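Which chain is which? The protein sequence lines are A and B, in order. Just so we're aligned, residue 262 is where the first sequence starts under my numbering, counting upward by one. Just so we're aligned, residue 1274 is where the second sequence starts under my numbering, counting upward by one.
Everything labelled a hint here was simulated from the structure, so no lab data went into it. Just so it is clear, the structure is predicted and the values come from calculations on it, not from any experiment. The beta-carbon is built from N, C-alpha and C at its ideal position, and this holds for glycine as well. Treat the hints loosely; a few may be bogus.
[What the hints assert, rightly or not] Examples of chain A residues toward chain B, derived with CB under 7 Å:
1. 273
2. 275
3. 367
4. 369
[Unchecked claim] According to the in silico footprint, chain A covers these stretches of chain B (three or more CB under 8 Å from chain A):
5. 1302 to 1310
6. 1321 to 1330
7. 1356 to 1370
[To be verified] Quick list of the computed label-pair ranges, beta carbon to beta carbon:
8. A:381 <-> B:1287: 42 to 50 Å
9. A:466 <-> B:1365: 57 to 65 Å
10. B:1351 <-> A:374: 24 to 32 Å
11. A:464 <-> B:1316: 39 to 47 Å
12. A:358 <-> B:1355: 37 to 45 Å
13. A:302 <-> B:1287: 53 to 61 Å
14. B:1358 <-> A:434: 35 to 43 Å
15. B:1289 <-> A:351: 33 to 41 Å
16. B:1351 <-> A:394: 51 to 59 Å
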Amino acid sequence: MSQNEPYQKDLESIRQMMERSVKFLSLSGLSGILAGVYALAGACVAYYIVHFPLSPIDYRQESIQDKDVIIKLLSIAVAVLALSLFTGYWLATRKAKAQGVKVWNTTSKRLVFNLAIPLVTGALFILILLWHGHYGVAAPACLVFYGLALLNASANLFDEVRYLGYCEIVLGLVCALLPGYGLFFWATGFGVLHILYGALMYKKYDR
Amino acid sequence: MKNPFDSLDKILEHRLRLQIVSVLVANDSYDFNALKELLEATDGNLATHLKALEREKYLSVNKSFIERKPNTRYKITERGRTAFKKHLEAMEELIKQQKK
Chain A
262 MSQNEPYQKD LESIRQMMER SVKFLSLSGL SGILAGVYAL AGACVAYYIV
312 HFPLSPIDYR QESIQDKDVI IKLLSIAVAV LALSLFTGYW LATRKAKAQG
362 VKVWNTTSKR LVFNLAIPLV TGALFILILL WHGHYGVAAP ACLVFYGLAL
412 LNASANLFDE VRYLGYCEIV LGLVCALLPG YGLFFWATGF GVLHILYGAL
462 MYKKYDR
Chain B
1274 MKNPFDSLDK ILEHRLRLQI VSVLVANDSY DFNALKELLE ATDGNLATHL
1324 KALEREKYLS VNKSFIERKP NTRYKITERG RTAFKKHLEA MEELIKQQKK
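Using the sequences and the accompanying hints, generate a full structural model.
In structure tokens form, the structure reads like this:
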């Protein structure tokens, strides 16, 4: 057995190096949970702006036509995004410190780049749609582009991110068929799914 | 029967060289400083082993300047990838034989 040991160790170090050089493993599951909570809180505020007094699961017959309302909704979405990014970055910094690695390394730079391409494309696309007054497709487009961004970045993250990406894409497409449920699907995709995913990741990797 | 010890790659039997090659197999390219950080190696040690791998044509080197600072990027060659694969197979074979 002792003769074997160096090879076992070599194989172990290969596995580790390949994984650590490609995957950014400092992302915290807790940031997923918190991002989901922010999204649900944002969706609640949005509900009182657009849906109320309609019940949240009722179908909205006509899309919003009011520019002021759209600007309010856009500000909520941007606030949720900013808060989630800030929390994610902060928790990742803490986890990286505990792991003894730098948070800003080759892997995380690649991750950000891979995430940013579909996300920025999506953001510009959605802004253009809003500009043209296609308000109904904003929520499904958010979900679809976010799902594509996750898929694109999944090589640099935990493997499970891929499945979150698939779920967001499917949810986005269904949402596009039922635009009156836009807010409901948005809350499910960005709120509920993030909380579920974050909790799973927290249990699996953070404890 | 062929002895798997003979199939081991002499160049890759060194731990650090093996780690360098694993990183390059998993990534398109990697630069010197990122390798240094990841492998927690010293400049001199890392440079020596990179040179050795370059001499064997296991990796290709691309030197450039980013904001006037020299930046050296390494890429695995087909020769390096094949050597890595063979070395892994030999190690697996050794472990298997030992377990019998």
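Hint check results:
1. 273: Interface hint status for residue 273 (chain A): violated (11 Å vs cutoff 7 Å).
2. 275: holds, 4 Å
3. 367: holds, 4 Å
4. 369: With Cβ-Cβ at 11 Å, over 7 Å, it is violated.
5. 1302 to 1310: As far as the stretch 1302 to 1310 of chain B goes, the hint holds, because 4 residues have Cβ atoms under 8 Å from chain A.
6. 1321 to 1330: violated (count 0)
7. 1356 to 1370: holds (count 5)
8. A:381 <-> B:1287: 42 to 50 Å: Given range 42 to 50 Å: holds, Cβ gap about 43 Å.
9. A:466 <-> B:1365: 57 to 65 Å: violated, 28 Å
10. B:1351 <-> A:374: 24 to 32 Å: holds, 27 Å
11. A:464 <-> B:1316: 39 to 47 Å: The hint (39 to 47 Å, Cβ to Cβ) holds, given that residue 464 (chain A) and residue 1316 (chain B) are roughly 41 Å apart.
12. A:358 <-> B:1355: 37 to 45 Å: The hint (37 to 45 Å, Cβ to Cβ) holds, given that residue 358 (chain A) and residue 1355 (chain B) are roughly 39 Å apart.
13. A:302 <-> B:1287: 53 to 61 Å: holds, 54 Å
14. B:1358 <-> A:434: 35 to 43 Å: holds, 40 Å
15. B:1289 <-> A:351: 33 to 41 Å: Given about 34 Å between the Cβ atoms, the range holds.
16. B:1351 <-> A:394: 51 to 59 Å: This hint holds: roughly 54 Å between Cβ atoms.
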